[in-house]
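Q: Spelled out, the chains give:
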Amino acid sequence: MADLDKERLTWMLTQMLRIREFEERVKRTFTEHEGVIRGHTHLADGAEASIVGALATLRPDDQLLTTYRCHGYPIALGTDPKAMMAEIYGRRDGLCGGYGGSMHLVDPGRGFLGTSGIVGQGIPHATGAAYAAQIRGNGQVVLSFFGDGASKQGAFHEALNIASLWKLPVVYVMENNNYNVVTRVEQEDANAAAGEPLAVKAKGYSMPGVTVDGGDPLAVYETVGAAVERARSGEGPTLVESLVYRLSAHGNIIAPPGVPLHYPEHEAITVFGNAEEYEAALRGDPVPRFRAKLVTDGTLTAEEADAIAEQARDEMQAAVEFGLASPFPAAEDAVKYVYA
Amino acid sequence: MAHELPYIAAIEEAIREEMERDESVLYFGQNIATHENDPFLKQFGSDRVRVTPISETAEIGLAVGTAIAGFRPVVELYMAEFMLVAMDQVVNEANRFHYMSKGQVTVPLVLKAGYGFTAGWAGQHTGTIYGMFMGVPGLKVCVPATAADAKGLMTTAIRDDNPVAYFHHYLLTLEHGDVPDGEYAVPFGEAAMLREGGDVTIVAIGWCVGQALAAADELAAQGVQAEVIDPRTLAPLDTGTILESVAKTGRLVVCDQSTRHGSAAAVVAAEVAAEGFGSLKAPVGLVTALDATVPYSQPMEEYLMPSEAKIVAAAQQVLGNAPVAA
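Sequences listed follow chains U and S, in order. No gaps in the numbering here: position 163 of the first sequence is 163 in the working numbering, and each next residue is one more. With the second sequence counted from 1, adding 1000 to any position gets you the working numbering.
Calculated from the structure, these hints are not laboratory results. Glycine included, every Cβ here is placed at the ideal spot set by N, Cα and C. Treat the hints loosely; a few may be bogus.
[Unchecked claim] Each pair of labels, with its calculated beta carbon distance range:
(1) Arg110/U <-> Ala1247/S: 48 to 56 angstroms
(2) Asp1181/S <-> Ala190/U: 37 to 45 angstroms
(3) Lys1042/S <-> Asp297/U: 44 to 52 angstroms
(4) Val271/U <-> Pro1053/S: 36 to 44 angstroms
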């Protein structure tokens, strides 16, 4: 990784820790501040290496669109976590003023053009943004993040076909976490059932398809980086299958008002009774794994790594406090922004 | 100054003029610009004019993405029903992002869709489905009835910063009309008062406008002065003009090619019942398609559809007049 100096590697670990600490606090809010988070919230813990490794390849003017599991990306892009937490708490100072919530974070000034809460439907949006980039012709690249489940949606197939046909500057990053809510990938995916990687879907659209260890930010950086360069040079899209393991359940429990919300255990345990799978994933947790690598190879001292972690904890605790202190939006503002 | 054009050419004129005026306007969709002599392709090039695969979700989804990224796409969808294949993109994606982002992004795009092709196209290509979209927050809906409005509403649709579903009627495709020269924009939410009269208000939508005007002529011959209003856009809907007219006439007939339940006509009737009940001297008359799939065979197809005769009969009904013998 010749082009990743100490500063860059430290940046990567820092962002991974910031995402983890943010998500820890979102999760804890359910028990420590009951009722503050409403609806359905999805966490990125376990995917930090994949997110940071992918975003580390981008230029400042590149863009991305993602799914509803969207907290990790803006943190790495530099969006203020205070505004993000306030949004998740439905507050006036939230990133979207309480109009969007956990699933609909957006920060267009940093290239984060938005999310779709409907599985797979953001893939054509990213493809459209890539069409816009192609017209502008200034070398911008768009990253499209989605999960393995989305590759069973027509939107995925339609968009990949057009992107390859038009040689659009887009990289499709499929975070394959092996589960579509509580359905295992081999229960719903013909490639997985046949023992093949999901990246083979790229073959159907005459584009490269690669599978990478999404727990290793350097591997992701290398793989996505090659795809980004390919896209930037006008050669068209790539499908990158990034193997990740989400360390939380799909989302918090779905319950009617009055029932306190919380995060259940991972579906491997609650549905499939496979605690071993989950424990193995914990042992391979990408955040301590990358920290250990940087300390072992001398990039950072243990003290430096601890200091980064402590700073991230303080920062995200401050985000919680900011979110809790922020007032609610005025109720009558609910009819603003319907039309531009 | 004006020039005479068929309805469909007036739409194309608006798209062409807007593409000349604004480089951010794109035009793509199925079965357009497939050969190098295509006039749009020749004039604007393949960056801005593209044929797409038959992939409505991707076509409309790409439009959303290009719009968020700063362009103004017009998507050629041919038939309104093809939008149903991509319903999520139309009613749950394009229309939501401005709101959910507290205005941080805008999604200016136009979905150009033909509808109501009751000329033997049978059950799946004849639907009058604009009513399904008029209650969708964030989406605008236009239904031009004349060549001039076809141009003027398309111009406004392209300039609007919101997603717009633009429904043009297939049976009006070759109807000629005077179209203003040069830039011509018809504002959204302003109904056209096509004929003034004090006895009964007829609100007619899209294809039914021509029938309503013919019915008004027939009623005039019977001594009844009908006021004919074309809302032109269903979202926003100019209820003010309709309520003012009903305050004057006290009687209302609404004509719409949609099936009755879920029609735009039902919404107009509800608005008048809610806001103008005191003006009404008789129940509202609804002339809509009957609640059935459009059949292939011509007599059955005609039986379901609104017509001049049905509008005349409805007006007589709300006026309390017995049908006039020939």
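Q: Taking the hints in turn, state whether each one holds.
A: Okay, the hints, checked on the actual structure:
no. : hint                                       : in the structure
1   : Arg110/U <-> Ala1247/S: 48 to 56 angstroms : holds, 53 angstroms
2   : Asp1181/S <-> Ala190/U: 37 to 45 angstroms : violated, 58 angstroms
3   : Lys1042/S <-> Asp297/U: 44 to 52 angstroms : violated, 59 angstroms
4   : Val271/U <-> Pro1053/S: 36 to 44 angstroms : holds, 38 angstroms
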